[in-house]
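Note that the protein sequences, when read in sequence, are chains A and B. The first sequence begins at 1 in the numbering used here and counts up by one. The second sequence begins at 1 in the numbering used here and counts up by one.
Incorrect hints may appear among the rest.
In silico DSS-like pairs for lysine-lysine, Cα to Cα no more than 25 Å straight-line [stated by the list, open to error]:
#1 B:K367 / B:K103
#2 A:K47 / A:K34
#3 A:K376 / A:K418
#4 A:K47 / B:K513
#5 B:K367 / A:K43
#6 B:K518 / A:K34
Since the hints were made in silico from the structure, they are not lab data. The model shown is predicted, which means the values in this text are computed figures rather than measured ones.
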Amino acid sequence: MSEVVYPYIPNSAPETRAAMLNAIGVRGVDDLFKDIPDRLLLKRPLKLPAPLLCECDLERHVRGILARNVSCDDRLSFLGAGSYQHYVPAVVDSMIARGEFLTAYDGNAYSDGGRLQATFEYQSLLCDLLNMDVTGFPSACSLHATNTALRIASRVTGRHEVLVPATMNPRRAQHLHAYRRAEEVATFTSVDADSETGLMDMEDLRRKLTPEVAGVLVENPTYLGVIESQVREIGEAAHAMGALLIACVNPMSLGVLASPGDYGADIACGDAQPLGVHMNYGGGALGFVAIRAEYVMEFPNLMVNIAPTLDGEGFGFDFFALPERLTYIARENAKEYTGTMACLWAIAAAVYLSLMGPQGMRDIGETIIRKSHYAKSLLADTPGLGLPLAAPHFNEFVVNFDGTGRTVAEVNASLLEKGIYGGADLSADFPGLGQSALYCVSEVHSADDLRLLANALRDVTR
Amino acid sequence: MTDQTRLRRFHSACWDEQLLTDMSVDGERGILVPTPEREIMDAFHSLDGLVPASVARDRPPNLPELAQPQVVRHFSRLSQMTMGGDVQSDIGQGTCTTKYNPKVNERLAGLPQMTEMHPLQPVETAQGILEILHRARGFMMEIAGMDEVSFQPGHGGQAVMAAAAMVKAYHEARGEAHQRDQVITTIHSHPCNPSGPAAVGYEVITLWPDDRGYPDLAALEAVVSDRTAAIFITNPEDVGLYNPQIDQIVDIVHGAGGLCYTDQANLNGVIGRARAGDAGFDMCHFNLHKTFATPHGSHGPGCAALCVSDYLARYLPLPIVTFDGHSYGLDFDRPDSIGRVKDFVGNAMVVLRAYAWVMNLGAEGLKQVADTTVLNNNYLAELLLGIPGVEYSYGTDDRRRLDQIRFTLEKITRDTGITAADLSTRITDFGLQKFWLSHHPVTVPEPCTPEPTETNSLQELEEWAAAMRQMVEEAYETPDVIRTAPHNGVTTRLDRSYLERPELTYVTWRQWKHATEKAASVS
Numbered sequence: 001m002s003e004v005v006y007p008y009i010p011n012s013a014p015e016t017r018a019a020m021l022n023a024i025g026v027r028g029v030d031d032l033f034k035d036i037p038d039r040l041l042l043k044r045p046l047k048l049p050a051p052l053l054c055e056c057d058l059e060r061h062v063r064g065i066l067a068r069n070v071s072c073d074d075r076l077s078f079l080g081a082g083s084y085q086h087y088v089p090a091v092v093d094s095m096i097a098r099g100e101f102l103t104a105y106d107g108n109a110y111s112d113g114g115r116l117q118a119t120f121e122y123q124s125l126l127c128d129l130l131n132m133d134v135t136g137f138p139s140a141c142s143l144h145a146t147n148t149a150l151r152i153a154s155r156v157t158g159r160h161e162v163l164v165p166a167t168m169n170p171r172r173a174q175h176l177h178a179y180r181r182a183e184e185v186a187t188f189t190s191v192d193a194d195s196e197t198g199l200m201d202m203e204d205l206r207r208k209l210t211p212e213v214a215g216v217l218v219e220n221p222t223y224l225g226v227i228e229s230q231v232r233e234i235g236e237a238a239h240a241m242g243a244l245l246i247a248c249v250n251p252m253s254l255g256v257l258a259s260p261g262d263y264g265a266d267i268a269c270g271d272a273q274p275l276g277v278h279m280n281y282g283g284g285a286l287g288f289v290a291i292r293a294e295y296v297m298e299f300p301n302l303m304v305n306i307a308p309t310l311d312g313e314g315f316g317f318d319f320f321a322l323p324e325r326l327t328y329i330a331r332e333n334a335k336e337y338t339g340t341m342a343c344l345w346a347i348a349a350a351v352y353l354s355l356m357g358p359q360g361m362r363d364i365g366e367t368i369i370r371k372s373h374y375a376k377s378l379l380a381d382t383p384g385l386g387l388p389l390a391a392p393h394f395n396e397f398v399v400n401f402d403g404t405g406r407t408v409a410e411v412n413a414s415l416l417e418k419g420i421y422g423g424a425d426l427s428a429d430f431p432g433l434g435q436s437a438l439y440c441v442s443e444v445h446s447a448d449d450l451r452l453l454a455n456a457l458r459d460v461t462r
Numbered sequence: 001m002t003d004q005t006r007l008r009r010f011h012s013a014c015w016d017e018q019l020l021t022d023m024s025v026d027g028e029r030g031i032l033v034p035t036p037e038r039e040i041m042d043a044f045h046s047l048d049g050l051v052p053a054s055v056a057r058d059r060p061p062n063l064p065e066l067a068q069p070q071v072v073r074h075f076s077r078l079s080q081m082t083m084g085g086d087v088q089s090d091i092g093q094g095t096c097t098t099k100y101n102p103k104v105n106e107r108l109a110g111l112p113q114m115t116e117m118h119p120l121q122p123v124e125t126a127q128g129i130l131e132i133l134h135r136a137r138g139f140m141m142e143i144a145g146m147d148e149v150s151f152q153p154g155h156g157g158q159a160v161m162a163a164a165a166m167v168k169a170y171h172e173a174r175g176e177a178h179q180r181d182q183v184i185t186t187i188h189s190h191p192c193n194p195s196g197p198a199a200v201g202y203e204v205i206t207l208w209p210d211d212r213g214y215p216d217l218a219a220l221e222a223v224v225s226d227r228t229a230a231i232f233i234t235n236p237e238d239v240g241l242y243n244p245q246i247d248q249i250v251d252i253v254h255g256a257g258g259l260c261y262t263d264q265a266n267l268n269g270v271i272g273r274a275r276a277g278d279a280g281f282d283m284c285h286f287n288l289h290k291t292f293a294t295p296h297g298s299h300g301p302g303c304a305a306l307c308v309s310d311y312l313a314r315y316l317p318l319p320i321v322t323f324d325g326h327s328y329g330l331d332f333d334r335p336d337s338i339g340r341v342k343d344f345v346g347n348a349m350v351v352l353r354a355y356a357w358v359m360n361l362g363a364e365g366l367k368q369v370a371d372t373t374v375l376n377n378n379y380l381a382e383l384l385l386g387i388p389g390v391e392y393s394y395g396t397d398d399r400r401r402l403d404q405i406r407f408t409l410e411k412i413t414r415d416t417g418i419t420a421a422d423l424s425t426r427i428t429d430f431g432l433q434k435f436w437l438s439h440h441p442v443t444v445p446e447p448c449t450p451e452p453t454e455t456n457s458l459q460e461l462e463e464w465a466a467a468m469r470q471m472v473e474e475a476y477e478t479p480d481v482i483r484t485a486p487h488n489g490v491t492t493r494l495d496r497s498y499l500e501r502p503e504l505t506y507v508t509w510r511q512w513k514h515a516t517e518k519a520a521s522v523s
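Construct the complete structure from the given sequences, taking the supplied hints into account.
In C-alpha cells form, the structure reads like this:
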C-alpha cells in the first residue's frame, strides 16, 4: 500500500481499501492480478523521474519547460503551409473549455444530445460553406482527409489511378505513401503546373486523363498559394472522362471564393483548423471530407444524424448512422479505418462559423486577400526578391531569394534574429523553384507588421 | 453496498434548443473582422484582378446570422445537455477508459507557449514542446518495454494502421511482403485491429474465443503460415481477461516469421504491472486519451503513442524527435519510414497533458492507477454479481477480471424481454452515462461492459450498482418504465425509422429541412 495520497485517485484511505478487499474476498491487491503469469509481471518499479506530487510543483515544472518555446504570439510569423495563425475569438475558447464538451465521449441521444447537436451543426455549417451535401465526424488532418477522398473516388468509379497536382503539399505525398492498398488507389500520377502561373497545365491534364483515372485532385488555393482559377474546366475534363473532381480547399477562403459545390466538385476535403482552432504545434488539425449525397455509403467516419422524437414534438441526434460503413461494425470490411477524431475542434469550428456568419466570412476573406497582396507588393519592391508565380493568390505566396545570393535557410536565420519567423522553406521539396519560401499573411498582420517584414528582408538580403 | 446508497432524482437540462439555422436574424453579427488599414485599402480597394472571376463567389455562403450573446447561450445550453465525465462518474463507458482529466493539465495546454506554436517554427524556438515530446517518449518506452515511439497517430486506429504499414515495410525489406499477405486478429480485439491492416491491403483472419474467453491456441496454430505478416491482438481483451498464454501466442507467430502487435487500449489495469515488450511483442500502442487522462473532447482530438522495438524503429512515421544531449530536433532523414499518418508531429497538446499526468504520479502512482482500477472493478463486480440476472461472461470460475468486465444480462432479457440496450438507455435517467454493450459482432448475449477507473470513488461504484439493481427490479416489476425511457433525458424517445429506412438519415440541416418541407407539402 502506498503511503502517498493521490488527489486523482480516491479510495486510497487504508480503511476504505481494506473494506473493499474484504468485500471482494482477497487479502491484498496483488491477489487480483493472479491471472497474469508470474513470468510476465514486472517485478520492479518503472524507471521514471521522481514524481511532482503537488500540483503547484508540477505546474512550475511544466511551465519551466514550455518557457523554452517562443510562440507566434511572441514573434511575427509568416508561416503557413498547412497550419494557419488566425484570430481565435474568445467565445470559441470559452465554449470548448466547458467541461461537459471537454470530457464527453460515447454518450447517446438522451445523455449527450447537446454535443451531438453541436457536431450536427458543425456538419451542417461546413456543408453550407462548401455547398456539399454530406459530411460527418472530422478526419485527423487534411492529409488523411485527402487520402480518404481519393479512396472514395476510387471505390465510386472502380478505378485505381488518381491525378494529383505537381505542386501538391509534399506531406500529402508522404501520407499517400503510407497507405499502399493494392485494390484501391494504386497509382498517383502527377500533373504538371505552368511554371509562370503555378496553375495546373491543362494540356498535361488532358494527356493524362484516361479512362483509368478515378479522380483529379485540385488544391485550391494550391500549396504554393495560387487560386486555381481553371477548376471548372478541370472538373469538366474529369467528368467527361468519367472521373471525379476532388477539391482540397482552405475553408477560410470561401467567403470570397466559390464553394467546391459551386464548381462541380464531387468531393471536397481540407483542414478546417483556420476556423477557430489554435495551431497547437500542428495538433489543431481538423480534417474534413464532404461528399455528394449519393456517395454516403462510402464515407468512413461516424456521422451525427437528426431524427424526430416519437411524440412528434421535437428532434434529437444519434451518431451511428448507416453503421455498415464503419470499422466498429464491419471490421476489416469497413470503408476505411476510423477512430477518435477531432470533434472538440469541430465544435470550435461550429462556434466560429456561427459567430462569423456570411458577412464575417466575406470580410475576413477580403481582408486576407488585401493584406497578402499588400505584403506581396511591398516585397516586389525589395531588390533581389522574386515573386515567381504570377497568378492571383489567397493568403500565401512564393518569394524567391535566388537574386539575393542567400539561401532561404540563411534568410530565415537572419529574420529570426529580428524576431520574425520567415516563410516555410520550399527549396528541398521544390528544387525547381530554387531558393524559395512560402509566405503566409492573415488578418492578424497589421500594415506595420508587413512593412516590418519588407524592411527586415531588405536588411537581411542586402 | 449499504441501504443508504442513494439514487439521484436527476433530470437533464432539456432546453428544447433550436437549430442554429432557425435562430438566424438577418444582419446580426457575432464578431467583427479587422479592416485593413487605409494604406492597404487605398492600394487594394478593388478586388478586381485579385480574385479570378471564374472562381469568385457570386452569393454569400448560406450561414446563419447571430449576435454574440445568442451564440454563447446556444452552445452553453448544448453543453448542459451533455453528460461529460466532469459531471458524472462515467463508469458505464467500457473500453473507453473515461477517467478524470486533471484541470491543471488544461491550464498548461492552454498556455500560448502551446496553443500559438506553429509546427514549422525553427526547432530552436520549439525546444520546450520538443523536450516534452522527447521526455514523454522515454516514459512510453519504459511503460511499454520498447525502444522507440511515435506520437503522430491521432488515435488508436491510426496507430494500428501505421503499424500495419510498418509490418508491410518490414516484410518488404526482407523480400517477403508479397508472400506474407495475411494478418491475424481476435474477435475480442478492438475493431481497429482488423480495419487498420485491411486499409493497407492485408487479408484478415479472425480467431474466436474458446469457452474460457481466450483466443483458441489450436486455432492460431492452424492459421499461422508463411503467409502470416503479423498478429494484431488486444490484451487484456475487452471482456476484461488478461490472456495468460499471451507469450505463447507471440512465440507461435514469431515462429512462423510474423510480427506481433498488441493494442494496449486496456492498459489501465496493467500499467506498471505488466509490459507488452516483456511478453515478446514487437509493437504496441497506448491511447493517451484513455489511460493517460487526457480529455476525450466529445470524441477527440486524442493521441496514440506507437511504441516499437529497435529493429522496427526505422519504419516509424516521419519525423522522430531527437536529442543530442544539448538540444532537441526533428529527424526527417529516415529513408525507410512509411511516410506520415498524420500531419506534423501529431497532437502535441495531448502529449503535453499526458506528460504532466505521468510526472504527477511517478512510478508508484502509475502502479496505484492499475491497482485501484482493478480493485474498483472487482468491487463493482462483487456488487453487480449480487444482482439476480447479472452474470460474468465466459464462466463463473475464480478468474479475476482486470480493468473492465463484459457481463451478460441474458437471464433478465429471457425473463422480462428487457434488453441490455433498454437498460443502457434507462440508466441515463439516474444521471449516469449510458453503459457500453459490446463491439461487433456481439459474442456475449445481452452484454454490459462497465469500466470503472482509478478515479471513481467507492460511493460512485455503489451508486452505479444501485442503479443497476433498481433497473433490474423495474425489469421484473414495472418494465414499461424501462420501455418508455428515458424520462429525464435531453429529449424523449427518438423515432429511429432511419435504421430500417436509410434514406431517412439526415446529417445536415439542409437535408433535414428539405425532407421536412417535402413532407409538409405532401400532407
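Hints versus structure:
no.: 1; hint: B:K367 / B:K103; result: holds (22 Å)
no.: 2; hint: A:K47 / A:K34; result: holds (23 Å)
no.: 3; hint: A:K376 / A:K418; result: holds (20 Å)
no.: 4; hint: A:K47 / B:K513; result: violated (58 Å)
no.: 5; hint: B:K367 / A:K43; result: holds (12 Å)
no.: 6; hint: B:K518 / A:K34; result: violated (63 Å)
When held up to the earlier numbered hints, the structure conflicts with 4 and 6 and fits the remainder.
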